[in-house]
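Asker: Once you've looked at the hints, dock chain B against the given chain A.
Protein sequences, first through last, are from chains A and B.
So for the first sequence, the working numbering puts the first residue at 1; every next one is plus one.
So for the second sequence, the working numbering puts the first residue at 316; every next one is plus one.
Misleading hints may appear alongside valid ones.
[What the hints assert, rightly or not] Here are the simulated EDC-like pairs of lysine to aspartate or glutamate, each with C-alpha atoms no more than 16 Å apart in a straight line: (1) B:K664 to A:E197; (2) B:K574 to B:D789; (3) B:K450 to B:D460; (4) B:K812 to B:E802; (5) B:K664 to A:E196; (6) B:K812 to B:E780.
Keep in mind the hints are simulated off the structure, nothing from the lab.
Keep in mind the model is a prediction, meaning the values are calculated, not measured.
So the chains spell out like this:
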Amino acid sequence: MKPREFLAHSGRQFGTLVGLFALCAVLWALTPHFLTVSNLLNVAQQTSINAVIAVGLTFVIISGGIDLSVGSLVAFSGVVTASLLQRAVPVPLALLAGLVTGLACGLVNGLLITYGRLPPFIATLGLMSVARGGALLYTDGRPVSGFDEEFRWLATGEVLRVPVPVVIMIVVYVIAHFVLRRTPFGRYLFAIGGNEEAALLSGVRVRLHKTVVYGVCGLLSALAAVMLTARLNSAQPIAGINYELDAIAATVIGGTSLLGGQGSVVGTLIGALIMGVLRNGLNLLGVSSFIQQVVIGAVIILAVLLDTAFKRPKR
Amino acid sequence: MTAIPPAAPLTPRAVLTLRGIRKAYPGVVALDGVDLELRAGEVHVLLGENGAGKSTLMKIISGAVACDAGEVLLDGVPIEIRGPRHAQAVGLGIIYQEFNLIPHLTAGENIFLGREPRLLAGVIDQRALLRAAQKILDELGVAIDARSVVSRLSVAQQQMVEVAKALSLNARVLIMDEPTSALTEQEIRELFATIARLKARGVALVYISHRMEELFAIGDRVTVLRDGRHVGTRLIGETTMSELVRLMVGRDLKDQFPKQAAPVGDEALRVAGLRRNGVLHDINFTLRRGEVVGLAGLMGSGRTELARAVFGADPIDGGRIFVGGHERQIGSPRAAIGLGLGFLTEDRKHQGLVLGLSVQENTCLPSVGAFSRFGVMQVAHESAATAARIAELRIKTPGPHQRVVTLSGGNQQKVVLGKWLTTAAGVFIFDEPTRGIDVGAKVEIYQLINQLAARGAAILMISSELPEILGMSDRILVMHAGRIAGEFTAAEATQEKLLAAALGRAGLHAA
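Looking at chain B on its own, in the form it has when it is part of the complex:
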């Protein structure tokens, strides 16, 4: 290792400089005097817990939000970003976690949407459009046909179309918000290769991710925000994960995975020969009270499909499900809830929450029937349950009647958890319980999982993050191509063994 900083050392030229940025919303100061400097050809990682102000800062750069105070310099010249279109025009691009592509148009049409090359009389010059789009995609080094319809592309490919779109606008600053959250390992490697090419072209990249390992793999510098303030900027090579976590949280997190083993009791859930044609094949497993069972596997291996089938959300073609030792027919989520099952879905915005309803309405949604007498809701019961959840989960909200759409990701996830705590479920299926939330909130959720297990609940935890699976599980199941491809005790499992099983390269009980 040499002492040369990896960020294009010969030209540490600031492309974009933010100074003393302040933004207040009614009741909250989202940003308070934040500085940020982005240099050509660097990957600048932005770290912070949910609610630290990362999103607001990015929205200011991309023109979606105007700042109250502070100055923005582009190439050293003060500039006022007047809106998203203006930001694009001056070369500030952003790729949101949820893409802004039109699904039924082609990749090329999406790249040039609103800026299509024209022939006479305003007719779109389809050939010129395709040629230009293909050129950008090729330069990016991705194998995507500009004529392919976006909805048929994989998530990773759609992301590349977004990148191509930004480049077609001559983006000099490109913000990527959680770009790897929906990608497979292989796709992540390809993304990193693309990022390297963008760096070589002198693009300044802002990289936001909650996956700490990634930051060390591709970052050059890192800036940490906490509670709307800038708490530090470091060269990646000169910092450590524990220092960054300390900066983010403002305290030492003793243990990233505070696993506490609970006494294992009777069988809570048993699945025998479960089958869903073309999706799930001969699934067998048992969950016991007090046990946390991790379910690993690559995207598309059938983990979520298994959870949905057990929960009655998708029909099954065969197999038996036993809850508390009794065979049960689970034909609907309602039936599953009635039997004491709870399902925290991986996609909280589309499946977990009704965003327009309040914290209280969401928390009580599965329990509305139980909270009613003679068909009338007992408001006092609802308020009491919600107050209890807000306190025990430490949900940061102005009040129980706040609409959940206004809460940060971590707090939204806590509301989803609160739903299932309110139903007094005994078997929990958690699908990616910590996706897209910050380190502090993650630890809180791990502690909650411990508490649930200690109270005698059985937990199936689906996760794409192997460290999380290894750190929190008593036992680990690995799925591959719709089957359980491996089962490991916490003691024998390693990242390599899990990955081998997930790739279908290991037999049962490999060890």
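Isolated chain A (complex conformation):
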């Protein structure tokens, strides 16, 4: 690719990346402790769960949809995994069951949207409530806590001195980027989100791919659930509230259009890191969590404002 084409394609991510570095520079100036290896790994670890969920949401949003149920799916898959672990089911099997739960719920979303012809907002809003209620019913409203070290390794372990959650996040992003850019499924997501009718008339199995993308989103929510459960050493039926909003925020800051048809997971990763860095930095500075909310909201608006300003064609 020529430099100009590269910039046209990746300029947006580049801008977000500059934003991330600028933010880091400011925080470093304000609090030297920010730029230490241990703190940066800490940020990456805190970001990992939101980042993993945001990948699934990025896929869905590129295909022109939305998934509001991810937070509830985190809770539901989490309590399923946890209850199996407590019944001494082998760890791999319990993990598999949790992931399959998320995948299945996601596929239900997809089927409601494709074959049931429900708007994605409605279908996933419904499942958001159903899955939350399901998690509360299943646990009788109580958390499921206390697991073996073997399972806890998913949160506390290290690979080559990198925390396992960070490794999971990196692996997920590498795979997701590859899927989006190098496989027919990825290409079809852009085509469906950009123009569903044209995609259909080009022989794209629109319903199949749309169903699958919600399945993928559910699966990644379940993966996040496992990571969260291991970190907290507890699965809570009220976990993951508002996670869908954090994930949407990371996606949008990363330059993915809510209208569908364009976006990238690289941008989403940077978006998730911006949110993580911001939370961490504000904590280090001792800023109250109330003010943090205001700041994060302002950053979301600012990111999209800048985006719109740069995209607006000159008269």
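Answerer: Structure of chain B alone, referenced to chain A:
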């Protein structure tokens, strides 16, 4: 015929004058020193190939785009058009090909959108609004109730609502971009009658169309643009079609329809007793390899519906489809593509292209599966196929990674063609393949159709332009009310016979 020029000869007063207009975009000079003078009561035709600068010039007049250099005079007074609202306020109106109406509001509400008459406390005075809107519609001579919801109106009626809206703003210059592209013959006649009334009121009309016959029917003067430059202004009565084509293209187009007959081979597609309840009735036809079959018919006669049914885009209620002599069930476009069918849709923006994706991504979209190995796309294959299409179709694009939304209409259409060439289809259904594209690109597409036929492809070409059907087909089918109402050989077909069949006034094989 007298020598009096038809454009309001007593007052050849310039309403709007553009001088030396220049507009450059990164990498392209869209307009370079263009002059244009619009007089009260004239229909000024603007001609030019796609990319010649017509759209940019119109956007400058309507305030959507600011020019880099040059001056604009309104009634002889220099003016700077500050934006679309300002343009409207000084009486410069435009009716785009795609209308800007709110579908669920009434005609009257649309006409006065943003300028509703108010009662006290800012409440809309619905009665005054309706009365004023109805008055404008009546003066325009169109039978539209101001209370009717826009989405229930026909395309022609919606267009009239747009005209009424412009008039309600006291438009003195009205630009019409391809106003007849979606109208029936009857509606076109009504539009022309309305245009005559507007002329009588002293409105200066700019008329953009690729249908050359129309220009001679209603134009007073014509200005031709080529590559962003003004190449000539003529009185319609003093020019000829061939002169205009030469000005537009910059060379002589020897033949508008360069038809070359190819040897006709085996049966490629046969449809027997095809039925879609309420839409298609007992459709029978055969396409042979090397054959171009024209499909004529009025809007709503079921031509596009037939194409969609054969391609698996719409369900069918009965009938059999044979591809290459074997009966096939075509349940989806994917199945059709798998059997070697390609379908160029009439609406390239909504059905043909994913505008936000690149030339390469669009070109390869139906072939992505074929270009993949073990579920991974082979980028080298995609690049090679796209480079081949760009070269053989002469697609004007800065590169394969250019987003198609930035290309001109003719080049977008070539990308759609490129999609189906890439799938190596053997049966092509072309629905209005030359709609909205310029003469030069049209001829290129005709030549491509010839090449495909020579290579042994079978082609069904749907078109509303009878000269195109007559000029390019080996055989012609005419549809009326969901049925094949006539079939003609190229030799026996005439415009009159086709039209009679399309209107349902002729039996099968009328001759």
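Asker: Each hint needs a verdict: does it hold in this structure or not?
Answerer: So, going through the hints one by one against the coordinates:
1. The suggested pairing of B:K664 with A:E197 holds, with an alpha-carbon distance near 10 Å, which does not exceed 16 Å.
2. Only pairs whose Cα atoms come within 16 Å are accepted, and B:K574 paired with B:D789 is accepted, the gap being roughly 9 Å.
3. Taking the CA atoms of B:K450 and B:D460, the gap is about 10 Å. The hint holds against a cut of 16 Å.
4. Proposed proximity of B:K812 and B:E802 is supported: the alpha carbons are some 10 Å apart, at most 16 Å.
5. About 12 Å separates the Cα atoms of B:K664 and A:E196, which keeps this hinted pair within 16 Å; it holds.
6. Straight-line distance between C-alpha atoms of B:K812 and B:E780 comes to about 14 Å, which keeps the hinted pair within the 16 Å bound.
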